[in-house]
Structure formats: C-alpha cells, structure tokens
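Enquirer: Sequence:
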Amino acid sequence: MDIVTPDLCDEYPEVTVVEPGFNNYGGIKAFGGEIVTVKCFEDNSVVKEQVGLPGKGKVMVVDGGGSRRAALLGDMLAEKAASNGWAGIIIYGCIRDVDVIGETQLGVQALATIPRKTEKRGIGDLNVPVTFHGVTFRPGHYVYADNNGIIVSEKPLSTPA
Numbered sequence: 001m002d003i004v005t006p007d008l009c010d011e012y013p014e015v016t017v018v019e020p021g022f023n024n025y026g027g028i029k030a031f032g033g034e035i036v037t038v039k040c041f042e043d044n045s046v047v048k049e050q051v052g053l054p055g056k057g058k059v060m061v062v063d064g065g066g067s068r069r070a071a072l073l074g075d076m077l078a079e080k081a082a083s084n085g086w087a088g089i090i091i092y093g094c095i096r097d098v099d100v101i102g103e104t105q106l107g108v109q110a111l112a113t114i115p116r117k118t119e120k121r122g123i124g125d126l127n128v129p130v131t132f133h134g135v136t137f138r139p140g141h142y143v144y145a146d147n148n149g150i151i152v153s154e155k156p157l158s159t160p161a
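Taking the numbering used here, I'd label the letters of the sequence shown as residues 1 to 161.
Quick caveat, the hints were computed from the structure, so don't treat them as lab data.
Remember, it's a predicted structure, so these values are computed and weren't measured experimentally.
It is possible that some hints are incorrect.
Straight-line distance between alpha carbons at most 30 Å, and here's what the computed DSSO-like set of lysine-lysine pairs gives [claimed, not checked]:
{"no.": "1", "residue 1": "K39", "residue 2": "K56"}
{"no.": "2", "residue 1": "K155", "residue 2": "K48"}
{"no.": "3", "residue 1": "K48", "residue 2": "K120"}
{"no.": "4", "residue 1": "K120", "residue 2": "K39"}
{"no.": "5", "residue 1": "K117", "residue 2": "K80"}
{"no.": "6", "residue 1": "K29", "residue 2": "K48"}
{"no.": "7", "residue 1": "K56", "residue 2": "K120"}
{"no.": "8", "residue 1": "K155", "residue 2": "K117"}
{"no.": "9", "residue 1": "K39", "residue 2": "K29"}
{"no.": "10", "residue 1": "K155", "residue 2": "K29"}
Can you build the whole structure from these sequences, using the hints too?
Expert: Here it is in structure tokens:
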C-alpha cells in the first residue's frame, strides 16, 4: 500500500488528523499499521521490550509526555524493531542516533532529537489509550504517517483508487 495521507483523508473523511509537530526520521518515510501503545516518561524500558517482539504490520505509538530531556529511541532499538518487522514508531518525545535511524528500514516520527539516553527503571504502561496532539491513540486502531502528517482510523484503510 502506498501511503499518502492527503489522499487517505480525501477518501476517508472520518479519519482523525494529528496536530502538526512531528518530524520524519526513519528510512521509511510513509508507513502505517495497527497501533500498539506505550506510555512512559524518560524511561524507555517498555519500548525496549516491545521492539524485541514480532511487530509485523504494527506501529508503536509512544507517549513520552513530550519530554525533550532524553531520547526514547536510539539506533540499536530502531534496528531491532526493523528486524522484528515493525512498520514504524511514532514518539511523542525525542530520539537520538538520527543518521543511523535515517538508514534503518523503519518508519520513525518524533518531536525532536537529543543525544541523552533515558534511565531504565522498568516504568511504563503497555496498550493503554494515549492522548497527545489532539488525538487519542487506541490499541487495535490504525495509524498512517508520511511527510504530510499523521492520521488515525478505527479500521484499516486501503489506498484510494
């Protein structure tokens, strides 16, 4: 499926559009799939656990509280996510190692970059509804992202004809 969010918005006016503010960092610039959520703040322990699991056709949506003090994703976790089939990761927070992530076969969108890693305290919630940038992301719903933005749907979408 070629993901072009403006075309999807035209074809499916019921989708929810995420407010702007995310940057595209991954080697795959357009991606989408079923939502898996992680809620964490300056601790990427749950993200690390999830990228180690099969993620075929899924997008991890990480609510990092918008923190710009530590990166919730780096090159090693991005590479592990790609090797385990994740379609992408959307982070309401920061990432690091952007040059390597830009060459990784994974969709990645985040607010910004920072070189500092998080502490690992084992804190975070998996598959709970998370809300940021005007949208609630629910596990089992679908998200699509490209250079135009991010949209959310209750059901999977197909490419407009």
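Enquirer: A separate judgement is required for each hint: does it hold in the structure or not?
Expert: Results for each hint:
1. K39 - K56: holds, 21 Å
2. K155 - K48: holds, 27 Å
3. K48 - K120: Status holds; Cα separation ~10 Å.
4. K120 - K39: holds, 14 Å
5. K117 - K80: Measuring from Cα to Cα gives roughly 17 Å; hence the hint holds.
6. K29 - K48: holds, 22 Å
7. K56 - K120: With a Cα-Cα distance of about 26 Å, the restraint between K56 and K120 holds, given a limit of 30 Å.
8. K155 - K117: violated, 35 Å
9. K39 - K29: Roughly 24 Å separates the two Cα atoms, so the pair holds.
10. K155 - K29: Holds, at about 22 Å.
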